[in-house]
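Visitor: Here the protein sequences come in this chain order: A and B.
Sequential numbering from 1 applies to the first sequence in my numbering.
Sequential numbering from 1 applies to the second sequence in my numbering.
These aren't lab readings, by the way, just hints derived from the structure by calculation.
It should be emphasised that the depicted structure is a prediction, and the values quoted were computed from it without experimental measurement.
Possibly wrong hints are sitting among the right ones.
Unchecked claim - Result set (SDA-like, lysine to any residue): computed pairs, CA atoms no more than 20 angstroms apart in a straight line:
{"id": "1", "chain 1": "A", "residue 1": "Lys28", "chain 2": "B", "residue 2": "Phe122"}
{"id": "2", "chain 1": "A", "residue 1": "Lys28", "chain 2": "B", "residue 2": "Leu123"}
{"id": "3", "chain 1": "A", "residue 1": "Lys140", "chain 2": "B", "residue 2": "Gln213"}
{"id": "4", "chain 1": "B", "residue 1": "Lys368", "chain 2": "A", "residue 2": "Leu158"}
{"id": "5", "chain 1": "B", "residue 1": "Lys121", "chain 2": "A", "residue 2": "Val39"}
{"id": "6", "chain 1": "B", "residue 1": "Lys121", "chain 2": "A", "residue 2": "Met77"}
{"id": "7", "chain 1": "B", "residue 1": "Lys121", "chain 2": "A", "residue 2": "Val24"}
{"id": "8", "chain 1": "A", "residue 1": "Lys133", "chain 2": "B", "residue 2": "Gln213"}
{"id": "9", "chain 1": "B", "residue 1": "Lys390", "chain 2": "B", "residue 2": "Pro311"}
{"id": "10", "chain 1": "A", "residue 1": "Lys28", "chain 2": "B", "residue 2": "Lys121"}
{"id": "11", "chain 1": "A", "residue 1": "Lys140", "chain 2": "B", "residue 2": "Met210"}
{"id": "12", "chain 1": "B", "residue 1": "Lys368", "chain 2": "A", "residue 2": "Ile164"}
{"id": "13", "chain 1": "B", "residue 1": "Lys181", "chain 2": "A", "residue 2": "Phe74"}
{"id": "14", "chain 1": "A", "residue 1": "Lys28", "chain 2": "B", "residue 2": "Asn179"}
{"id": "15", "chain 1": "A", "residue 1": "Lys133", "chain 2": "B", "residue 2": "Val209"}
{"id": "16", "chain 1": "B", "residue 1": "Lys368", "chain 2": "A", "residue 2": "Ile159"}
{"id": "17", "chain 1": "A", "residue 1": "Lys133", "chain 2": "A", "residue 2": "Ala53"}
{"id": "18", "chain 1": "B", "residue 1": "Lys222", "chain 2": "B", "residue 2": "Ser151"}
{"id": "19", "chain 1": "A", "residue 1": "Lys133", "chain 2": "B", "residue 2": "Met212"}
{"id": "20", "chain 1": "A", "residue 1": "Lys133", "chain 2": "B", "residue 2": "Met210"}
{"id": "21", "chain 1": "B", "residue 1": "Lys222", "chain 2": "B", "residue 2": "Gly322"}
{"id": "22", "chain 1": "B", "residue 1": "Lys222", "chain 2": "A", "residue 2": "Arg132"}
What the hints assert, rightly or not - Example chain B residues on the side facing chain A (calculated, C-beta under 7 angstroms, incomplete):
{"id": "23", "residue": "Ile155"}
{"id": "24", "residue": "Phe158"}
{"id": "25", "residue": "Met169"}
{"id": "26", "residue": "Leu215"}
Said to hold, decoys possible - Residues of chain B placed beyond 10 angstroms of chain A at every Cβ, according to the derived structure:
{"id": "27", "residue": "Val88"}
{"id": "28", "residue": "Glu266"}
{"id": "29", "residue": "Ser276"}
Glycine included, C-beta positions come from ideal geometry on N, C-alpha and C.
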Amino acid sequence: MEFNPQQLVFYLFALLTIGSAVIVVTIKNIVYAAFSLMVTLFSVAGLYVFLQADFLAATQVIVYVGGILVLILFGVMMTSGRLDLKLKLERGQLFWGGVVSLTIFGLLLSVITNTPQWENVDAGASQEPTTRKIGEMIMKEEFLLPFEIASILLLVALIGAALISRKEVRNE
Amino acid sequence: MPLGLQVAWNPDAIGVENLHQFFVQSSESWAQRYVQNHAPFLEHLPAPLGEFAIMLVCCVIFVAVVPLLPLGLVLAERKVSAHIQDRVGPMRVGPHGILQTLADGVKLIFKEDHIPREGDKFLFVVSPYIIFACSFAVFAAIPFGRSILVSELNIGIFYIMAISSVIVMGVIMAGWASNSKWSLLGAMRSAAQIVSYEIPIGLGILTVVMLMQTLNMQEIVKGQDGIANWLIFRTPFTFIAFFVFFISSIAEVNRTPFDLPEAESELVAGFHTEYSGMRFALFFIAEYANMFAVSAIASTLFLGGWHGIVPAEMLPQSGILGFLLRAVTLGGLLGVVIKTLLLVFVMMWLRWTLPRLRVDQLMSLCWKYFIPISFFNILGVGIWGLIFPKDSLLSIIISIAVIILGLIFTFGVLGKSLSQGPEPPPSSAERRVSATT
Numbered sequence: 001m002e003f004n005p006q007q008l009v010f011y012l013f014a015l016l017t018i019g020s021a022v023i024v025v026t027i028k029n030i031v032y033a034a035f036s037l038m039v040t041l042f043s044v045a046g047l048y049v050f051l052q053a054d055f056l057a058a059t060q061v062i063v064y065v066g067g068i069l070v071l072i073l074f075g076v077m078m079t080s081g082r083l084d085l086k087l088k089l090e091r092g093q094l095f096w097g098g099v100v101s102l103t104i105f106g107l108l109l110s111v112i113t114n115t116p117q118w119e120n121v122d123a124g125a126s127q128e129p130t131t132r133k134i135g136e137m138i139m140k141e142e143f144l145l146p147f148e149i150a151s152i153l154l155l156v157a158l159i160g161a162a163l164i165s166r167k168e169v170r171n172e
Numbered sequence: 001m002p003l004g005l006q007v008a009w010n011p012d013a014i015g016v017e018n019l020h021q022f023f024v025q026s027s028e029s030w031a032q033r034y035v036q037n038h039a040p041f042l043e044h045l046p047a048p049l050g051e052f053a054i055m056l057v058c059c060v061i062f063v064a065v066v067p068l069l070p071l072g073l074v075l076a077e078r079k080v081s082a083h084i085q086d087r088v089g090p091m092r093v094g095p096h097g098i099l100q101t102l103a104d105g106v107k108l109i110f111k112e113d114h115i116p117r118e119g120d121k122f123l124f125v126v127s128p129y130i131i132f133a134c135s136f137a138v139f140a141a142i143p144f145g146r147s148i149l150v151s152e153l154n155i156g157i158f159y160i161m162a163i164s165s166v167i168v169m170g171v172i173m174a175g176w177a178s179n180s181k182w183s184l185l186g187a188m189r190s191a192a193q194i195v196s197y198e199i200p201i202g203l204g205i206l207t208v209v210m211l212m213q214t215l216n217m218q219e220i221v222k223g224q225d226g227i228a229n230w231l232i233f234r235t236p237f238t239f240i241a242f243f244v245f246f247i248s249s250i251a252e253v254n255r256t257p258f259d260l261p262e263a264e265s266e267l268v269a270g271f272h273t274e275y276s277g278m279r280f281a282l283f284f285i286a287e288y289a290n291m292f293a294v295s296a297i298a299s300t301l302f303l304g305g306w307h308g309i310v311p312a313e314m315l316p317q318s319g320i321l322g323f324l325l326r327a328v329t330l331g332g333l334l335g336v337v338i339k340t341l342l343l344v345f346v347m348m349w350l351r352w353t354l355p356r357l358r359v360d361q362l363m364s365l366c367w368k369y370f371i372p373i374s375f376f377n378i379l380g381v382g383i384w385g386l387i388f389p390k391d392s393l394l395s396i397i398i399s400i401a402v403i404i405l406g407l408i409f410t411f412g413v414l415g416k417s418l419s420q421g422p423e424p425p426p427s428s429a430e431r432r433v434s435a436t437t
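Please work from the sequences and hints to get the whole structure.
Guide: Dropping the structure here:
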């Protein structure tokens, strides 16, 4: 096989993704798991960059690292007085968890192999930003309805969150 | 004239899109010849490795230049604060104390590197690097001239938002790993503050993106030729958006009046209480680099970036005269730096003038005022875009007239009613909620 630095970096990112994901699942310390999750999400963003999906990579970092992970850490630090909470791994969990993740893996694999044609993005040929295509797909073409449904779902979640947090204040 | 010299004289004149391309082009001229004459074995390296070396050079230039900024800014801060408080500031080291920061830096290097015994060693060591790296990665997408840009990303401004949102993780990490209540409280406050103020910042950027139809920083600057085209004056809504963006940026870099995460009177020094020596210096450098970065972003998005007051075609394109004229009209590399430093000065000025906000005031300012105002701006910019699909003299005159009328109204009518009296303190229930953050 020909030596290709790009491939080397790709395998580095893949290794980082899988390795840190394994740490997330197996480590006992919950805060370490959260920080390890950060590495996982970051290296997934790196893989997106390899697929020329720059917008997706930045969104991944903003939403997951800057938003969700911060909220997870916030939740961990605010709710439990003990930050050094030890997590337990049980055999039964391992079995059912394995079943569920294998099912999801099979599902993804079948989607990947059954997709008739992948649209190939050539970065060198077209300097058109990916955002234009994404925007047109969402607002003009077939994904308008799912997009609107997702936004209504988010709105409902937002109102629900506001309602729940308000109730707590009243009960105090 | 060799390309290198040409760039040194006049970085904006050559038609190179960014630094990366500059090195690719110039490498054809002399670097290749050098390799052929002195190190023929280097030619057998695979091509991507050469690319990699070029990227490395670009990065090294920025990594070497950017840390020098805080060196100047720290001294500037001390001098500005001193003059605001009727003092003279540092005077001993060097003429007028200009070498004071250098002396302090050397002192910090020699200080003991203390790691709390009960703290988490690994995360304690790693967190300054995360904050430092993220603050510096932001500079990769900020254009300082027609050709002075590390990488021209299609998603430029979005990349900047993404990278700067990672800084929170470093802050939380530092606060938690220190195993100190001051650090943890500071980190929590900082995280709450940064996450909240990211929303008005994002919405402010969205108004710009809606007008310019692109996320590319270089394209955003190219659309702002001449002061009438600067986005701040383009529509009345972007005028408001600029101030919302700038104030939120101050909150995002944790500076007074929003410095609750490191409030000296309450939390010693906030999330970096336990850090000493060079690790503390890394936080310090990152803070000042951040300050410069957000000011540079504000001046790029709203104040024309490297486009000056006068449209570019009215000025000579090349030569030292063109360079100076561009600088005088706030364009080109020097123009960006001048505009950015002005904004940095405003930040310092505010820091030494205003008292700190309370936590509940901080949150209500963000959620009750800035976010609704930002949504109003987005709606307004959308309608403005429908009415004036293309910028004309008419649209600019209307916009400036509305801005002037709005300013008169704000300072004449609202200003009087706002200065009636202080806001009443929060009820006990509200205080209990805010005390937890």
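Visitor: Next pair to validate is Lys368 (chain B) with Ile164 (chain A); report whether the Cα-Cα distance is within 20 angstroms.
Guide: Roughly 19 angstroms separates the two Cα atoms, so the pair holds.
Visitor: Between the alpha carbons of Lys121 (chain B) and Val24 (chain A), is the straight-line distance 20 angstroms or under?
Guide: holds (19 angstroms)
Visitor: Taking the closest pair, is the beta carbon of Val88 (chain B) still more than 10 angstroms from chain A?
Guide: Holds, since 42 angstroms exceeds 10 angstroms.
Visitor: Take the C-alpha atoms of Lys133 (chain A) and Met210 (chain B), compute the straight-line distance between them, and say whether it is at most 20 angstroms.
Guide: Distance of about 16 angstroms is within 20 angstroms: holds.
Visitor: Are all C-beta atoms of chain A more than 10 angstroms from that of Glu266 (chain B)?
Guide: holds (19 angstroms)
Visitor: Are the Cα positions of Lys28 (chain A) and Leu123 (chain B) separated by 20 angstroms at most?
Guide: holds (16 angstroms)
Visitor: Quickly compare the C-alpha distance for Lys140 (chain A) and Gln213 (chain B) to 20 angstroms and report which way the hint goes.
Guide: This hinted pair holds, its Cα atoms lying about 16 angstroms apart.
Visitor: For a C-alpha distance cap of 20 angstroms, please report whether Lys390 (chain B) and Pro311 (chain B) respect it.
Guide: Judged against 20 angstroms, a Cα distance of about 18 angstroms means the pair holds.
Visitor: Between the alpha carbons of Lys222 (chain B) and Gly322 (chain B), is the straight-line distance 20 angstroms or under?
Guide: holds (18 angstroms)
Visitor: Ser276 (chain B): least C-beta distance to chain A exceeds 10 angstroms?
Guide: Nearest chain A Cβ is 23 angstroms from Ser276 (chain B), so the label holds.
Visitor: Just to be careful: measuring from the Cβ of Leu215 (chain B) to every Cβ in chain A, is the smallest value less than 7 angstroms?
Guide: holds (6 angstroms)
Visitor: Hey, Lys133 (chain A) versus Gln213 (chain B), does the alpha-carbon distance stay inside 20 angstroms?
Guide: Holds, at roughly 13 angstroms.
In terms of the numbered hints stated before, the structure departs from none.
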